[in-house]
Amino acid sequence: MTDILDTPAEPTFRERHASTIRTMRLYARTFRNNGAAMIGLLIIAGFMFLVIFGPSIVPYPEDALGATHIEQKLQPPSADHWFGTDEVGNDVFTRVVIGARVSLQIGLIITGISMLIGVPLGIIAGYVGGWVEESIMRITDIFLSIPGLILAIAIVGVLGPGIGNAMLAISLVWWPGYVRLVQAKTLSLKSAIYVDAARSMGASKMRIVFVHILPNCLSPIIVKVSMDMGMAILYAASLGFLGLGAQPPFPEWGAMISVGRNYLPDWWWYSFFPGLAIFLTVLGFNLLGDGLRDILDPRGRE
Amino acid sequence: MKDMSRRSFGRLVKACAVAGLAVASLGATMEPATAFERVDGGKVLVIAGRQPVSTLDPSVKYNASIRTLQQALYDALVKYDGNPPQVKPWLAESWEQSEDGKTWIFKLVEGAKFHSGNPVNAEAIKYSFTRTLELNKGPSWMLSDFLKPEGIVVVDDHTVQFNLEKPYAAFLSFLPWWYIMDPAVVGAHVEGDDYGQKWLTENEAGSGPYKLKRFDQGTLYEVERVKDYWKGDGGSNIEGIVYKLIRETSAQRAALMRGEADIVLDLSPDEFDQVAKAKGIKTSTEPALTAFGLKFNTKGKYMSDKNLRKAVAHAFDYDALVAIFNGKAVLQTSPFTDDIKGKIDVPGIPRHDVEKAKEYLAKSQWPEGGIELEYVYVQGLEVERLMGLVLIDNLKPLNITLKMVPLTWPNLVARGSKPETAADLMAIFATPVSVDPDAVAYQYHPDSWGKYYGTHFYDNPKVTELIEKARYTTDWEERAPMYAEIQKLIVEDQPEIFGMMRKRLVAYRDYVTGFSYTPVRMTSEVDYYGLGIGK
Amino acid sequence: MLQMIGKRSILMLGMLLGLLVITFSISHIAPGDPAALAAGPDATQEMIDQVREEYGFDKPLVEQFVIYVGGIFEGDLGRSVYTTRPVAQDLMVYFPATLELVIYSILFAIILGVPMGVISAVKQNGWVDNLVRFVSSSGVGLPMFWLGLMLQLYFGLQLGWFPLGGRLDLMTDPPTTITGMYTIDALLTLKFNVFFEALHHMVLPAIALSFPALASIVRVNRAEMIETLSLDYMTNARAQGISKFRMIAAYALKNAMLPTLAIIGLRFGWMLGGTVLIESVFDWPGVGLYALQAVTASDFEPVMAVTLILGAWFMLTNFLIDIIYGILDPRVRGRA
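Residue numbers (this note's numbering), protein chains in the order written: chain A, 1 to 302; chain B, 303 to 837; chain C, 838 to 1173.
Just so you know, the hints here were simulated from the structure itself, not pulled from any lab data. One or more of the hints may lead you astray.
As the list claims (entries may be wrong) - With a Cα cut of at most 30 angstroms, we get these calculated DSSO-like pairs of lysine-lysine:
| # | chain 1 | residue 1 | chain 2 | residue 2 |
| --- | --- | --- | --- | --- |
| 1 | A | Lys73 | B | Lys581 |
| 2 | B | Lys705 | A | Lys73 |
| 3 | B | Lys450 | B | Lys363 |
| 4 | A | Lys73 | B | Lys658 |
| 5 | B | Lys515 | C | Lys1028 |
| 6 | B | Lys584 | A | Lys73 |
Computed from a predicted model, the values in this text were never measured in an experiment.
Please put together the full structure from these sequences, using the hints given.
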């Protein structure tokens, strides 16, 4: 029989993280109720399935790496080739599926680099304030006032076409968004009570940033990343469409549409399916991002 | 709330419906324009192509689009016609040559006039040839070794004599490309010592069947027919011809189908097959003198290694070349194409043989491969892009990677003009200017370095010597074996992957008449004379 | 109010300077000798040296920047190797084409988008609302160039209702240039058939270009309207018996317009970028296509000039939107 004087038993995992678990369940419930977000989740789940298992399930894996079978070119969708074949005889279905993996890589790299540049700058701007903040924010504003695709084209234009340069260029267009977001959040957190408390206890600046500010920026960043993934993929596809991104025989959706354009309208499948893939993927990420925002950051607006 | 929103909703629907109807009615009333109707009567043919015309000056430059216009605006002493191509009288009605091949006398037709009204006389001939030789650009290379301005003699108003430095059997075969300009008009527009080049870039001083009407650099070039052309209208009944730049081949095809263009020049083999099936479209599939080569830079870091060249040449799948053209191509069996006089089937010309390729690679400086080669091709030319993709696949067994670099034609030519900047492989279609073997052989002479067909920088002194000897020999019995030897030596040295002779693919609407063709013209070069519209 | 405008103007000038710095930096990270690049592929060594002196490529960077900015003020934006004409001259021809397309597109997006958002919010969960929500959600993700291709394929080629590209039919002469925008010039010179033809050519590109903006505007407007309509003062207004139309238009819409305006501004920027894609698909001779052709020919001056001009244009538009914002929202006026 437990006694009030007995030391209490070690709290179980459930008890220790009770509040976190409760929050997670609330999130899950809210998310589930949001129809659109569930669709988004479904789409992205399908996308991730293709990314992970794609190479093992595609019927003609060598077609994604540049094998050519000119005799089979431009065949319409059939049992052998669900999405038809392209101008060198590659199976379009295979290339679209492998393209999912490529797109994810592109999206991750772009958002990764943007975060790497943008988040630290944002925190510095928000926390340090003064003229440092002013200058960083002004530079950010300038970058944000150049239409993104044009700036990306200009950068790729001077560096030369290629998927690497395209990703670099898009990252350079994307990072200001993160600066803005993180700076605003840092600003509001700076005057939060627990930060004051930490400072008064003599915590160093670094500690405050890493322990208090950064973790609390995480949720808006996560929301932004999930929205951005779709847009980053769209940007890369746009550059690919213009011929400035991925170069053949790289299986990137935008580049496929660019070549497929020469084969409209008779061989429509070549442009249609990669385009459909882009549309669904971006839609999925957008819906997912919306859903995440509704649960993590309900008062935020686009 | 309900009646209010219903009202505003109703208003919105009405507005949309009206707007939609207006837009749709616009669509319905506007039928696709038929290209040859003009607002002020008279029919104009529209030709769509991708190559812009940088200059009209006959002494300065020539390529497919430029020469198309030059041939329409100007005349030459003679003209190529027919298949196989033959030299026909044009401004010259007859000619004779001396026994030793060094003296040629041309009698001019009576009544030939420039657009200015000035007569085309022997003075004009001398002036034009002199101008081209002195500027030393464009077609000058064809005759500059043999003819000096002093050698051109005006015998009388209608007779001109050419005294060559050395006998040149091929002399006549180059003359169709030497256009005759109006000395008075050119002289009136000379600026400083430019010999009139600035003015002749966007203007003309010719006597040809067409006059220049509009020169919209980068967009369109319009010519109007000279109704009282001294040689007659050749069956033509049109007001003029517009050459419109449409860079995307799919847009060219769409223009043809919708009747916005009457003749299109650059369809890919697949697009061509599709339009051939359509109603109202006729197609022309003709053999051409055009050779194709993936030229190696024999002075470059990698391709100076002959074994590597041979390895790549044997790794290439030549059948794919024919498949890319949907069967409308024939593999070359020699550096010379089939219509060239004196062409032989060179034994041992490489074909797809992976084993042999690996053998050669083992003897090269990179027996394991592991290198990246650069392949430069014309941006937008789908067939060349496809060849690159095939090559990437073919080089995998050799462990060699390929980087594909699309460039605009001027940039490609610029890169290929110096051995330091030329790429390892460059895709070049080369149409010789005549059926005489010298026209092709000369592409392998050091004098051709820097030109678009000389990007291999081929350097074999024995071949060079043979080429020069064969030029000055007049007796065909003596020349033929020299050219046979030249062909064998070139194949042995492998300065390029010898490709295929593609058939010319031109698609046009069935009401176009008078479309004539001769294999010596470049791939998208058209002879305007005689084009008309009928039913 | 005037103070706000003044402060904003100074800010904008500063940003323009920053823009110049950015375009200058980009053009100097190009690999290779900048003088050789500017002179073009056919240039001889002496021509390259001449260009180097003219543009001061051998001088220190700061001095080069001053020369660059000075040149721009004189209207010298460099020379295009591809067209062999001064870039400024090319821009005069191509910019109005883009301007025309973008203006019609954004107008279309606003005129269609705002009412759709309003109706969707007012008749929540009706079939209109669900349709609108679907369209607006998918619209943001739809690749603009793909939509353009599909429209071109179906309405242009298959049905033949609309032309496939270009601003006018092949044989039609454009109206005399007053603004460079064919529709306006045609009206001004009373050439009504040219006006309709230009409009006809613009339908498909404008729809494709405006679609993402349309979707975005509808979404935001709808969300804002829903929120505003549920606020207390709306209940108050309803109780006061103010007519529903006035309620929606004067009260709710005015306040919902603020974030919508911000979205319009943002989307306008995307549109300026997206115009490259649409111009490419529809062969529309605007600055986007001009820049793209320059890039493929390794010709940098036009690309920098287009970046500059579109960036400046976007800044100007944002500036104007800020002012409108200030007029609509008194809270903003006080702030700097």
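Between Lys584(B) and Lys73(A), does the CA-CA distance stay at or below 30 angstroms? At roughly 24 angstroms apart (the allowed maximum being 30 angstroms), Lys73(A) and Lys584(B) satisfy the hint.
Taken at face value, is the distance from the CA of Lys363(B) to the CA of Lys450(B) at most 30 angstroms? Judged against 30 angstroms, a Cα distance of about 20 angstroms means the pair holds.
Check whether the Cα positions of Lys73(A) and Lys581(B) lie no farther apart than 30 angstroms. It holds: about 25 angstroms lies between the C-alpha atoms, which stays within 30 angstroms.
Given the hinted pair Lys515(B) and Lys1028(C), is their alpha-carbon gap at most 30 angstroms? Holds, at about 24 angstroms.
Lys705(B) and Lys73(A) were given as a pair; does the straight-line alpha-carbon distance stay at or below 30 angstroms? Roughly 23 angstroms between the alpha carbons, so the hint for Lys705(B) and Lys73(A) holds.
For the pair we were handed, Lys73(A) and Lys658(B), check the Cα-Cα distance against 30 angstroms. Given that 30 angstroms is the threshold and the Cα spacing comes to 28 angstroms, the pair holds.
When held up to the earlier numbered hints, the structure conflicts with none and fits them all.
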